[in-house]
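Number of protein chains: 2
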Amino acid sequence: MSWESNVRKVVPYTPGEQPKIKNIIKLNTNENPYPPAPAVAERLKSMDVSDFRKYPDPTCSVLVDAIADYYKVDKKNVFVGVGSDDVLAMAFMTFFNSDKPVLFPDITYSFYDVWAELFRIPYRQIPLKEDFSIDTEDYLTENGGIVIANPNAPTGVELERDSVEKIIAMNPDSVVIVDEAYIDFGGHSVIDLIDKYDNLLVVQTFSKSRSMAGMRIGYAFGCEKLIKYMSDVKFSFNSYTMNMPALELGALAVADKEYFEKTRDKVVATRERAKVSLRELGFEFADSKTNFIFAKHPNKPGKEIFDELRKRDIIVRRWDIDRIKEYLRISIGTDEEMDKLVAALKEIIGA
Amino acid sequence: MSWESNVRKVVPYTPGEQPKIKNIIKLNTNENPYPPAPAVAERLKSMDVSDFRKYPDPTCSVLVDAIADYYKVDKKNVFVGVGSDDVLAMAFMTFFNSDKPVLFPDITYSFYDVWAELFRIPYRQIPLKEDFSIDTEDYLTENGGIVIANPNAPTGVELERDSVEKIIAMNPDSVVIVDEAYIDFGGHSVIDLIDKYDNLLVVQTFSKSRSMAGMRIGYAFGCEKLIKYMSDVKFSFNSYTMNMPALELGALAVADKEYFEKTRDKVVATRERAKVSLRELGFEFADSKTNFIFAKHPNKPGKEIFDELRKRDIIVRRWDIDRIKEYLRISIGTDEEMDKLVAALKEIIGA
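Top line first, the protein sequences correspond to chains A and B.
Numbering-wise, our numbering puts 158 at position 158 of the first sequence, and it's gapless, one number per residue.
Numbering-wise, our numbering puts 15 at position 15 of the second sequence, and it's gapless, one number per residue.
Don't read these hints as lab results, they were simulated from the structure.
Glycine included, C-beta positions come from ideal geometry on N, C-alpha and C.
Hints may be right or wrong, so weigh each one.
What the hints assert, rightly or not - Okay, the calculated beta carbon distance ranges per label pair:
{"id": "1", "chain 1": "A", "residue 1": "Glu-137", "chain 2": "B", "residue 2": "Asp-74", "range": "47 to 57 angstroms"}
{"id": "2", "chain 1": "A", "residue 1": "Ser-2", "chain 2": "B", "residue 2": "Asp-131", "range": "27 to 37 angstroms"}
{"id": "3", "chain 1": "A", "residue 1": "Lys-262", "chain 2": "B", "residue 2": "Pro-122", "range": "26 to 36 angstroms"}
{"id": "4", "chain 1": "B", "residue 1": "Pro-172", "chain 2": "A", "residue 2": "Lys-45", "range": "49 to 59 angstroms"}
{"id": "5", "chain 1": "A", "residue 1": "Pro-122", "chain 2": "B", "residue 2": "Asp-99", "range": "19 to 29 angstroms"}
The following block holds chain A by itself, in its conformation from the complex (with noise of 0.2 angstroms):
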């Protein structure tokens, strides 16, 4: 017997690779090329490091209420946290604690049966169809919570949104998270139901859409009750998760509609010609609603690919998975930066 024989022990998460080289091309971790909006730069320059020394406020209420007024929620509906990672583990830890599976899909976002196996929670991961959709009916079935991400990643394919409104209606004795983190690139999102639903939970970032992965901010909307839920876990774990510069730029960040429009619709377009280039290589791939394309060659393995694109100094992402072991995803760069992709993967396709 030693201390050892009590330690939970766990096979985390691997996030992709942030590599300190300048001048590679950085198209493995969804990140979105353009800056954060204007004022973010401005109210870095005027912030008073002074104020460092006291705590932030523990309620968040400047980042709460920007998030409340631009999606025109009450801010009793909103929760904000480090990152979505952290809003999903502390929703998991919140309302997965029944002896009944949570569902989730096979192909998804790989950090969900690590938050299950953290907090011993059951789960089963249902298989996507053959073309990577979602069969709704498999949802419909006994278990202690539901989460599908929508789109979905890494496969990109969205759930329409009257197959999400079915899980969420069928399944009333459980929590649903629905985890919105690609939405803003052309999914339709659900936070107009958490006032018809009382048990569901629709989870956004900043970190795609609005520019602002290194600053970790993520947020949930659901019904008031099912937020204070989730706020008392929070409030348990840790009372000061969100630091001065994330408050105060997050929420000058989620203000500024017309940048987030402007930036998001660039990468939109730039997605829609990298679709045709790639498909004009012999690519196959999901229609994607997200900023990454989840492709694979017909002549080529993933995993060769992946190299020779490394070799050049392009970076993309790969997971050693049997079902998408040929597959790369594929985040959505600058215009210049796609051209150079193409370029790479003619060259190494020898199309």
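With chain A held as given, fit chain B onto it using these hints.
Below, chain B alone, put in the same frame as chain A:
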């Protein structure tokens, strides 16, 4: 049956008030009265917001390296988190998975039992002696882990280093957490013992002596194996807990030894002056080795003094807990703030 029956229901920790009123004398959350090191302000101005679009370094290397350098340990012995609360929460989750109770004092940091409840860890609170000191013998019994705040909060009392070492040495099968949040103000750290005892985790924070409560940075030292277990749990919870400003500015704050020592010495000098003044007014308190004084007055109920101070725009901290309900925890502010406090107390006591 509804989803509510599977909710983890908890009574959260209540943090000290963060009033938004200006010109208040805020002596309730043990913040440092002085701003962070000058390099922090400089770096803030030169920070490139376009970097915020990218995820931060998940290994937190710039901050970990700065801490390792300062404390002359290897970086493999360092863990960082979102304030020491995050570090402690991760440690509870990682190490306290026994059926035996985790031990800590009845009067100590009031988050320990909140974490134990949150993670469903059995625990036993051992009464401090009448003078608020710890009886080392109490911690030589069977247990699933030990947590000692040293110096203790909210009492300010230090447990001598030999006794801390005895508790660590006599409990090789339990992880012993020594929470040194206030160590820099006069206590004796056990950081150097991490090489000698593989069951020791020493936790510190940037929130007090480093004037960075608003940035949320905590850290811990332990043997490589112990830090690895904690990191695995952390990476199973949230890969990127520390945002870019926290990493960059934290690294600069820890590097400026001269500024750190100067401001710490000022706080200690102000505390010693305050002790003299409070004693003159008849206050009773154990000798504090922290940046606060935990005092009561024989002629006036704690609640009354607290309320009277509040009317004069001075906030201190008080708990409605039987053993300590007559006490006020008074953070050490600037000399000027403490003079105003003493003048107000003189009025209230009628001395």
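task = Please test the hint of 26 to 36 angstroms on the beta carbon pair from Lys-262/A and Pro-122/B.
result = violated (55 angstroms)
Assessment of proposed distance window 27 to 37 angstroms (beta carbons of Ser-2/A, Asp-131/B) = holds (35 angstroms)
query = Between Pro-122/A and Asp-99/B, does the beta-carbon spacing fit 19 to 29 angstroms?
reply = Distance hint for Pro-122/A, Asp-99/B holds at roughly 21 angstroms.
ask   = Per the hint of 49 to 59 angstroms, is the separation of the Cβ atoms of Pro-172/B and Lys-45/A within bounds?
value = At 53 angstroms between Cβs, range holds.
query = Using the C-beta atoms of Glu-137/A and Asp-74/B, is the stated range 47 to 57 angstroms upheld?
reply = This hint holds: roughly 54 angstroms between Cβ atoms.
Hint 3 from the earlier list is the only one contradicted by this structure; the remaining hints agree with it.
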